Amino acid sequence: GAVVSQHPSRVICKSGTSVKIECRSLDFQATTMFWYRQFPKKSLMLMATSNEGSKATYEQGVEKDKFLINHASLTLSTLTVTSAHPEDSSFYICSAISVDTQYFGPGTRLTVL
Amino acid sequence: GENVEQHPSTLSVQEGDSAVIKCTYSDSASNYFPWYKQELGKGPQLIIDIRSNVGEKKDQRIAVTLNKTAKHFSLHITETQPEDSAVYFCAARRLDDMRFGAGTRLTVKP
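First to last, the sequence lines map onto chains A and B. Numbering-wise, the first sequence is residues 1 to 113 according to the numbering used here. Numbering-wise, the second sequence is residues 1 to 110 according to the numbering used here.
Incorrect hints may have been included.
[Unchecked claim] A partial selection of chain B residues facing chain A, derived with a Cβ cut-off under 8 Å:
| hint | residue |
| --- | --- |
| 1 | 27 |
| 2 | 29 |
| 3 | 40 |
| 4 | 42 |
| 5 | 82 |
| 6 | 89 |
| 7 | 100 |
| 8 | 101 |
| 9 | 102 |
[As the list claims (entries may be wrong)] Going by beta-carbon spacing under 10 Å, a handful of chain A positions derived as facing chain B:
| hint | residue |
| --- | --- |
| 10 | 6 |
| 11 | 9 |
| 12 | 11 |
| 13 | 12 |
| 14 | 13 |
| 15 | 41 |
| 16 | 42 |
| 17 | 85 |
| 18 | 86 |
| 19 | 89 |
| 20 | 91 |
| 21 | 94 |
| 22 | 100 |
| 23 | 106 |
Rather than coming from a laboratory, the hints here were simulated on the basis of the structure. Note that this is a predicted model, so its numbers are computed, not measured. Glycine included, each C-beta is placed from N, C-alpha and C at the ideal position.
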């Protein structure tokens with residue numbers, strides 16, 4: 001199947017700093033990518049849909065100024081958590097569709113101290 | 001919008017037994033139903049999927065059945081092995097909107 005990569009896999013940052021997470025489709029082009037957040041032992045919560053060349057669509061309750069999404073190319077979407085706080089600590093997973101099938105990245109574990 | 005319910009939340013089976021996880025969905029327009037396996041600390045991996053024009057699909061020890069009338073679909077794992085232990089998520093998709101079940105933690109005891 002198609003491969004989606006994420007970088008970094010783990011990041012620890014201080015409260016108040018910003019963190020950027022990259023999501024890449026390695027062997028296909030993705031006009032649409034998705035960003036999910038997952039709390040321990042919980043299901044995946046869709047945060048936003050990232051569209052290449054246009055603004056992301058955020059789910060209700062997700063702060064677009066806090067979670068900045070940029071989808072500058074057909075193979076790269078980035079999620080920037082701005083002014084991170086401990087409550088932003090979570091597992092962030094991106095996803096992309098290839099040939100009508102949705103594939104997930106390996107996830108990024110963010111810990112905010 | 002779509003609402004996906006998944007049962008059971010935890011399932012423990014003996015190695016070699018079968019495991020069945022069931023999901024129901026609410027939006028009759030949903031037409032794609034994937035199943036994902038998630039191991040600890042990793043992203044979900046697609047293990048099998050089914051589209052609304054098919055009632056059953058099988059891939060070695062894994063099978064999925066779909067009942068469109070009743071709006072439910074199930075994952076069947078036969079001859080379970082300890083490496084099948086993971087969290088399994090079902091999902092239902094309509095256009096670009098995919099909703100997930102709450103997950104089932106499967107434990108296969110050797």
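Structure-based check of each hint:
Restraint check, residue 27 of chain B versus chain A: the minimum CB separation of about 15 Å is more than 8 Å; hint violated. Hint status for residue 29 of chain B: violated, given a least beta-carbon distance of 16 Å to chain A, over 8 Å. Using the Cβ-Cβ criterion of 8 Å, the hint placing residue 40 of chain B at the interface with chain A is not satisfied: the shortest such distance is roughly 10 Å. The criterion of a C-beta within 8 Å of any C-beta in chain A is met by residue 42 of chain B, whose closest approach is roughly 6 Å, and the hint holds.
A hinted interface residue such as residue 82 of chain B counts as satisfied when its beta carbon comes closer than 8 Å to some beta carbon of chain A; here the least separation is about 20 Å, so the hint is violated. Below 8 Å, beta-carbon pairs count as interface contacts, and residue 89 of chain B has one with chain A at about 6 Å; its hint therefore holds. Contact between residue 100 of chain B and chain A, as hinted, is supported at the beta carbon level, the nearest pair being about 5 Å apart and thus within 8 Å. Satisfaction of the interface hint for residue 101 of chain B is found here, the shortest Cβ-Cβ separation to chain A being roughly 7 Å, below the 8 Å cut-off.
The interface hint given for residue 102 of chain B holds, since its Cβ lies 5 Å from the closest Cβ of chain A, which is under the 8 Å cut-off. Annotation: residue 6 of chain A was flagged as interfacial toward chain B, and the flag holds, the nearest CB pair being 7 Å apart, inside 10 Å. With 10 Å as the threshold, the beta carbon of residue 9 of chain A comes within range of chain B, its nearest partner Cβ sitting at about 9 Å, so the hint holds. Hint on residue 11 of chain A is violated. Least Cβ distance to chain B is approximately 14 Å, over the 10 Å limit.
The closest approach between the C-beta of residue 12 of chain A and any C-beta of chain B is roughly 15 Å, which is over the 10 Å cut-off, so the hint fails. Below 10 Å, beta-carbon pairs count as interface contacts, and residue 13 of chain A has none with chain B, the closest being about 19 Å; its hint is therefore violated. For residue 41 of chain A, the interface hint holds, since its Cβ comes within 10 Å of a Cβ in chain B; the closest pair sits about 8 Å apart. Checking residue 42 of chain A against chain B by beta carbon gives a least distance of about 8 Å; that is within 10 Å, so the hint holds.
The beta carbon of residue 85 of chain A is not positioned within 10 Å of any beta carbon in chain B (closest approach about 23 Å), and the interface hint is therefore violated. A cut of 10 Å between beta carbons decides the hint on residue 86 of chain A: the least distance to chain B is about 20 Å, and the hint is violated. Restraint check, residue 89 of chain A versus chain B: the minimum CB separation of about 14 Å is more than 10 Å; hint violated. Given the 10 Å rule on beta carbons, the hint for residue 91 of chain A holds: about 8 Å separates it from the nearest Cβ of chain B.
Given hint, residue 94 of chain A at the interface with chain B, holds; its Cβ is 8 Å from that chain's nearest Cβ, closer than 10 Å. Because the smallest distance between the Cβ of residue 100 of chain A and any Cβ of chain B comes to about 7 Å, under 10 Å, the interface hint for this residue holds. Below 10 Å, beta-carbon pairs count as interface contacts, and residue 106 of chain A has one with chain B at about 4 Å; its hint therefore holds.
Consistency with the previously given hints fails for numbers 1, 2, 3, 5, 12, 13, 14, 17, 18, 19, ordered from lowest to highest.
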